[in-house]
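So the protein sequences, as listed, match chains A and B.
Its first residue numbered 1, the first sequence is counted upward by one per residue in UniProt numbering.
Its first residue numbered 1, the second sequence is counted upward by one per residue in UniProt numbering.
Derived from the structure by calculation, the hints contain no laboratory data.
Please note that the accuracy of each hint is not assured.
For identical chains, the list gives no copy identity; a pair is met inside one copy or between any two copies.
[Claimed, not checked] Quick list of in silico lysine to any residue cross-link-like pairs, SDA-like style, CA-CA up to 25 Å:
{"#": "1", "residue 1": "K198", "residue 2": "A41"}
{"#": "2", "residue 1": "K322", "residue 2": "N79"}
{"#": "3", "residue 1": "K357", "residue 2": "P645"}
{"#": "4", "residue 1": "K314", "residue 2": "N161"}
{"#": "5", "residue 1": "K322", "residue 2": "N161"}
{"#": "6", "residue 1": "K198", "residue 2": "N79"}
{"#": "7", "residue 1": "K239", "residue 2": "A517"}
{"#": "8", "residue 1": "K198", "residue 2": "T40"}
{"#": "9", "residue 1": "K198", "residue 2": "F44"}
{"#": "10", "residue 1": "K198", "residue 2": "G391"}
{"#": "11", "residue 1": "K507", "residue 2": "K518"}
{"#": "12", "residue 1": "K548", "residue 2": "A30"}
{"#": "13", "residue 1": "K198", "residue 2": "Q25"}
{"#": "14", "residue 1": "K415", "residue 2": "T671"}
Spelled out from the first residue to the last, the chains are:
Protein chains: 2
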Amino acid sequence: MRKFFICTTALFVLFQLTVLCAFGQVTQLAPGVQKIALGTADRFTPYSFCNELPMSEALNQLGPGKLPFNVNDVKININSRGVVVEVPLDDTEQLYGFGMQIGSFNQRGLKKRPIVNDNPLNDLGYTHGPASFYVSNKGYGILINTSRYATFYCGNTAKLNNNRRDVKESNGGNSVEELYKSDNKASGYVTVDIPGAKGIEVFIFEGPDLKTVMQRYNLFSGGGALPAIWGLGVKYRVKADFNQYQVNKMAAYFRDNHIPCDVLGLEPRWQTASYSCSYVWNNSFFPTPDLFVDTMKNKGFHINLWEHAFVSPKSPLYQPLKNKAGNYLVWNGLVPDFADTAAANIFADYHRQTFVKQGISGFKMDECDNSNIAFGSATWSFPELSQFPSGIDGEQMHQLFGLLYQKTIYGIYKKLNQRTYLDVRASNAFASSYPAALYSDTYLHEEYIRMILNSGFAGMIWSPEVRESNTIKDFMRRSQTAVLSAQTLYNSWYLQNPPWLQINKEKNNKDELMENAKQVETDIRKLLNFRMSLIPYLYNAFADYHFKGIPPFRALVMDYPQDKNTFNLSDEYMIGESVLAAPLTEKMDERKVYLPEGTWYDYNTRQKYEGGKYYTIKPDLNQLPIFIKSGTILPLAKPVEYVSPDTKFEITCYVYGRANKATLFEDDGVTFNYEKGAYNSVNLLWEKNKGTVKRAGNFKKSRYVIKNWEIIN
Amino acid sequence: MRKFFICTTALFVLFQLTVLCAFGQVTQLAPGVQKIALGTADRFTPYSFCNELPMSEALNQLGPGKLPFNVNDVKININSRGVVVEVPLDDTEQLYGFGMQIGSFNQRGLKKRPIVNDNPLNDLGYTHGPASFYVSNKGYGILINTSRYATFYCGNTAKLNNNRRDVKESNGGNSVEELYKSDNKASGYVTVDIPGAKGIEVFIFEGPDLKTVMQRYNLFSGGGALPAIWGLGVKYRVKADFNQYQVNKMAAYFRDNHIPCDVLGLEPRWQTASYSCSYVWNNSFFPTPDLFVDTMKNKGFHINLWEHAFVSPKSPLYQPLKNKAGNYLVWNGLVPDFADTAAANIFADYHRQTFVKQGISGFKMDECDNSNIAFGSATWSFPELSQFPSGIDGEQMHQLFGLLYQKTIYGIYKKLNQRTYLDVRASNAFASSYPAALYSDTYLHEEYIRMILNSGFAGMIWSPEVRESNTIKDFMRRSQTAVLSAQTLYNSWYLQNPPWLQINKEKNNKDELMENAKQVETDIRKLLNFRMSLIPYLYNAFADYHFKGIPPFRALVMDYPQDKNTFNLSDEYMIGESVLAAPLTEKMDERKVYLPEGTWYDYNTRQKYEGGKYYTIKPDLNQLPIFIKSGTILPLAKPVEYVSPDTKFEITCYVYGRANKATLFEDDGVTFNYEKGAYNSVNLLWEKNKGTVKRAGNFKKSRYVIKNWEIIN
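Based on the provided sequences and hints, a complete structural model is requested.
Structure (structure tokens):
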């Protein structure tokens with residue numbers, strides 16, 4: 001790494017309160033990753049907590065980056081209010097990112113405040129997964145390394161006396177009607193407002209293209225997460241007040257009815273106290289937890305425990321953490337100072353000893369997202385004015401709380417060389433390497449789909465969970481989306497029976513099943529079996545996320561950044577290298593699909609389509625609305641009911657078009673031994689009407705058995 | 001005034017970043033008004049712009065105040081993040097205020113952020129009229145003198161190691177259901193978070209009761225506003241694109257059909273440019289504005305001009321203000337630095353010369369409230385990071401912009417000894433003396449009613465305007481509320497015809513009138529005539545606002561602070577001394593009314609009710625849902641079509657119960673001569689079955705002629 005200095009001349013001398021800092025320090029952090037620093041940087045930033053080392057080799061292989069502007073065109077202004085950063089923006093650029101945004105996709109022209117919150121109405125930028133990070137289709141990304149509440153003006157401001165660039169001014173109008181019509185594409189810069197900061201670090205991730213930017217970002221963050229392979233199956237969370245007997249019964253239901261399920265999640269009642277948490281098994285509900293976990297394991301179920309991080313006075317963690325917690329309580333519970341390694345270690349050690357060693361395979365880390373109800377009545381989280389022994393304040397702690405919580409829990413598994421797949425309600429930047437899926441209560445299907453796309457710009461994993469539904473159609477559409485996402489999750493925390501037996505909450509809890517429950521169950525089994533078939537392909541996509549930084553789920557604009565038709569396309573996405581998903585919602589019987597350049601195949605009809613055009617599809621409720629790119633081999637496995645360390649996937653290779661290839665990633669699926677090279681690349685090749693399989697690598701077992709080749713032309 | 005010092009010992013020593021300030025300075029500002037100051041106070045605060053002197057004599061007459069806590073129990077903590085203020089709160093206190101709140105009434109247990117905004121969803125505290133000021137039914141008010149975005153936790157936080165008071169802790173629960181049920185009445189303090197501040201002034205207004213707190217606040221702010229008497233009539237805003245001919249025609253409609261109207265408001269098209277504003281008559285729409293204003297005046301109409309403060313490059317104000325404006329533009333227009341007297345004077349001088357001297361009697365000051373659309377795309381206002389030559393930043397300017405704008409415009413009229421009644425989209429604390437009514441686009445009738453109550457806790461005036469409606473019932477209910485409010489306003493800025501002729505916008509603009517238009521017109525005439533009858537009573541209520549600080553419109557809890565049934569009663573209010581309004585909304589055919597202690601008469605049925613109980617009323621659509629307190633004389637005038645300086649009100653005194661009295665305030669109605677004593681108190685007395693009228697004061701004319709006495713028993 002080389003360091004050099006550049007003079008960022010402050011061009012706009014404005015008024016007496018402006019403190020001008022004329023020199024910014026530019027540091028090359030990794031190939032194509034630069035940092036501009038000015039003033040006194042904050043101690044508690046997302047990057048300050050990133051312990052993962054950049055994946056240097058992979059970064060080197062990305063080749064040279066390129067910026068469409070000069071680094072010293074990025075202006076930083078420090079004044080008595082805070083820091084203002086201005087980044088050049090040309091008139092045609094499209095912007096994406098700001099973490100797991102919910103209400104918007106293309107952020108050009110918007111004002112965005114990526115602030116952690118559980119119920120982000122009004123599209124202000126509030127989200128479970130805030131990140132002060134955006135990317136441009138011109139091939140670069142800008143990350144403001146702050147955990148303060150920052151505001152981004154994405155090319156929608158105009159300055160007085162602006163001599164810097166061509167500024168396309170707001171049109172205005174002579175009436176409100178005219179005003180609404182004006183395109184408001186003012187300004188030649190993105191402006192970032194970071195009140196309270198006394199200095200700032202700006203990370204610049206170079207392209208040259210959008211996908212490479214995300215690769216650089218993810219690789220710089222330690223590489224994308226590779227979940228335990230069983231995490232790619234089906235997760236089902238049982239009703240909050242289920243006891244050991246009831247969970248056993250539910251487990252039996254899955255196996256008896258041959259419905260795939262890898263993970264059962266327990267909700268609050270497993271603990272003696274849950275708001276706040278005791279982290280102690282409630283023996284009247286779970287009299288023999290050791291036996292329970294073992295029994296479940298023998299039936300192929302992993303157990304995931306719900307909790308949050310607010311520590312009840314009834315918890316054994318209370319006394320050890322009392323002097324390592326914030327000065328405000330939540331539900332009378334401590335807020336651990338996760339910014340202090342000592343506090344995080346106490347929390348982690350207890351969890352390791354008590355649960356992970358017991359066989360608990362993951363946690364659902366709830367309530368770390370500063371609940372919306374906190375807006376009305378602050379009792380769902382701690383105030384921004386909170387103080388913590390480490391010195392972090394409540395505002396910055398809010399932005400980082402989910403990030404630090406998942407880091408704390410993930411660290412347990414990492415140290416034990418045991419992989420996991422976690423659930424977490426909040427995240428932030430540099431979290432790419434954490435195998436933790438974000439989830440939400442907001443439950444608008446359109447938004448859940450959009451968030452799959454936005455997750456790819458965030459280095460985050462998104463789980464569009466399914467609960468109850470208004471109609472069977474709605475339920476099936478949501479299930480399709482869940483199957484085509486990073487985690488297939490049914491969250492029945494308030495449902496007695498699986499929702500496919502009764503979509504209505506009240507009836508479900510009265511055991512009044514639907515008349516056509518068995519038919520819906522059959523359709524769901526079909527969808528979930530497809531999910532199980534897709535695991536090898538998905539697992540390879542996650543390996544590409546880890547080793548190459550390529551988001552496994554991503555917007556089409558990431559692969560086709562020059563195609564204008566993709567700029568605002570917020571309801572189609574790529575899965576892995578060559579599958580395009582176009583999910584439908586309850587309102588739709590059919591939908592319009594845009595297919596970018598190339599040739600594509602409808603997975604269901606096998607019909608061939610030329611790219612660059614719009615088509616209409618009408619998939620059934622028990623089909624998956626996906627297209628396969630020509631030149632692809634789609635390896636689909638014979639569905640298993642769950643993935644065990646011994647599972648051998650029996651693969652059929654579907655060959656779309658000619659001269660095809662694909663890769664499968666092969667390892668034990670449950671340890672980090674792949675980091676030391678214990679994995680194979682299983683290369684599938686279709687040439688001259690013949691399929692070949694070449695295995696390369698150091699993993700000794702083979703988990704994929706190629707059974708068939710099937711040609712689709 | 002005496003000054004003294006008190007040691008506010010900081011009791012909670014927390015962590016290394018906390019900067020402790022052990023001494024706060026307490027100053028007695030006026031009888032029952034104290035200020036605690038600590039640290040370096042901000043330059044730009046609401047009080048720093050209050051030029052009005054306290055009404056000392058009236059303040060002296062209020063008698064001694066009383067606080068339920070010791071002044072040095074108010075804790076101020078200054079740290080690197082900003083300032084935190086903690087004010088004692090007991091378990092039974094009820095809190096109100098935070099300016100013109102929309103979504104909530106009793107603020108106890110809520111988190112409120114009184115931040116200026118035009119479309120305040122989610123009840124976060126955002127409002128057109130933010131004020132960092134709350135009052136307690138225990139008889140005191142707390143005003144944080146800041147124009148920063150502050151957050152109030154109204155008794156819903158709990159601290160670790162809290163040794164200070166009895167803290168009722170959050171109940172929590174073992175499930176989310178239990179959690180929702182918990183009452184969350186934690187904490188023995190209101191906590192205020194003021195990020196960015198380096199010091200603070202806390203104003204304490206003493207009681208001993210809730211109404212006296214508001215009297216002190218309003219009197220300290222210079223006394224309540226006394227609008228020009230014609231302002232209490234009916235205001236009608238014409239369609240935005242009406243030309244001179246069309247406005248004349250509309251004026252003729254009112255007079256021909258004997259529908260009262262005092263003010264006609266012009267919308268954007270009167271100007272050559274409006275987004276941003278030129279402040280120049282558009283001669284193709286108004287070829288002879290002087291003639292137009294004169295003609296209207298002769299017909300008894302006052303003309304009000306729509307505008308906002310963002311100055312178009314096409315405006316004669318642009319060059320003079322270019323160096324006295326913020327560094328960001330809005331609709332390509334300047335944002336005048338109203339915090340600089342020189343900028344305000346330029347703006348005012350131009351308006352005086354160009355419009356006020358022409359006879360323009362008021363302005364509608366639009367768009368000064370940081371539009372909601374600004375959340376998505378910032379173009380509807382300036383960014384918080386803006387800088388102004390005076391040194392104020394964009395955040396503080398936003399909070400103060402509407403306040404300074406109305407001060408600027410009001411100052412013109414004040415200097416000319418000419419009264420007015422303005423419209424403004426934003427306000428803040430210490431604005432009691434400004435005769436400017438807030439208005440909104442939000443248009444939820446329930447909220448508009450609640451805002452009438454909240455205006456009384458804010459020293460603000462609220463105008464629940466009527467536009468189109470879904471049903472005639474909705475329209476009539478809204479009209480009833482408008483008649484029973486501080487300003488009766490029909491805002492037809494997008495309606496060709498008066499809405500009572502066609503409630504549907506599309507049909508209205510196609511001149512398709514309703515079949516029963518004439519009947520609805522008759523009903524509206526009846527309601528508006530009642531408004532005109534009420535003017536003498538209302539005018540006296542405003543005189544009480546000015547001279548005694550008593551809010552003319554106020555929640556019942558202000559008059560009955562010990563009555564638990566009033567604590568959350570957010571849809572009934574007092575008008576003046578003895579009229580209780582209980583408006584209905586579209587959904588209601590009847591409603592429940594709570595009548596507090598005493599005896600009350602239904603105005604419509606004349607039925608007598610004992611207080612302390614709930615009753616059901618079912619007023620017709622053309623009646624007003626009001627009750628009159630026993631012991632009252634309600635003086636109602638024979639309705640006039642508009643109020644001129646020569647208007648003599650012919651009064652019938654309605655005597656409710658025995659031993660009654662009432663007062664009317666008598667002056668010229670249009671100048672500030674009353675400040676020099678040129679007014680009369682007309683005292684009405686009913687004793688021993690005989691009515692007497694006693695006039696006291698220095699105003700030479702009599703405007704009220706008492707014609708009749710009518711007894712209701």
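For each hint, the structure was consulted:
Taking CA atoms no more than 25 Å apart as the test, K198 paired with A41 passes in both settings, with 7 Å inside one copy and 20 Å between copies. Taking the closest pair of Cα atoms, K322 and N79 come within 25 Å of each other only across two copies (22 Å); inside a single copy the shortest separation is 38 Å, beyond that limit. In the homo-oligomer, the alpha carbons of K357 and P645 lie at most 25 Å apart inside one protomer (18 Å), although the nearest pairing across protomers, at 88 Å, exceeds that limit. In this homomeric assembly, K314 and N161 come within 25 Å of each other (Cα to Cα) only across copies, at 16 Å, whereas the closest approach inside a single copy is 62 Å.
In this assembly of identical chains, the alpha carbons of K322 and N161 lie at most 25 Å apart only when taken from different copies (9 Å versus 55 Å within one copy). Taking identical chains as interchangeable, the C-alpha atoms of K198 and N79 lie at most 25 Å apart whether they share a chain (8 Å) or sit on different chains (14 Å). When the C-alpha separation of K239 and A517 is checked against a cutoff of 25 Å, the pair qualifies only within one copy, where the shortest distance is 19 Å, while the shortest distance between copies is 58 Å. In the homo-oligomer, the alpha carbons of K198 and T40 lie at most 25 Å apart both inside one protomer (5 Å) and across protomers (18 Å), since each shortest distance falls under that limit.
Proximity of K198 and F44 under a CA criterion of 25 Å is satisfied in both settings, with 13 Å inside one chain copy and 21 Å between copies. Within a single copy, K198 and G391 get their C-alpha atoms as close as 16 Å, and across copies as close as 18 Å, so both meet the 25 Å cut-off. In this assembly of identical chains, K507 and K518 lie within 25 Å of each other by CA distance solely inside one copy; the values are 16 Å within and 52 Å between copies. For the identical chains of this complex, K548 and A30 are intra-copy neighbours only, at 15 Å inside a copy versus 70 Å across copies, given an alpha-carbon limit of 25 Å.
Taking the shortest alpha-carbon separations for K198 and Q25, only the intra-copy value of 15 Å comes in at or below 25 Å, while the best inter-copy value is 29 Å. Taking the closest pair of Cα atoms, K415 and T671 come within 25 Å of each other only inside a single copy of the chain (10 Å); across copies the shortest separation is 81 Å, beyond that limit.
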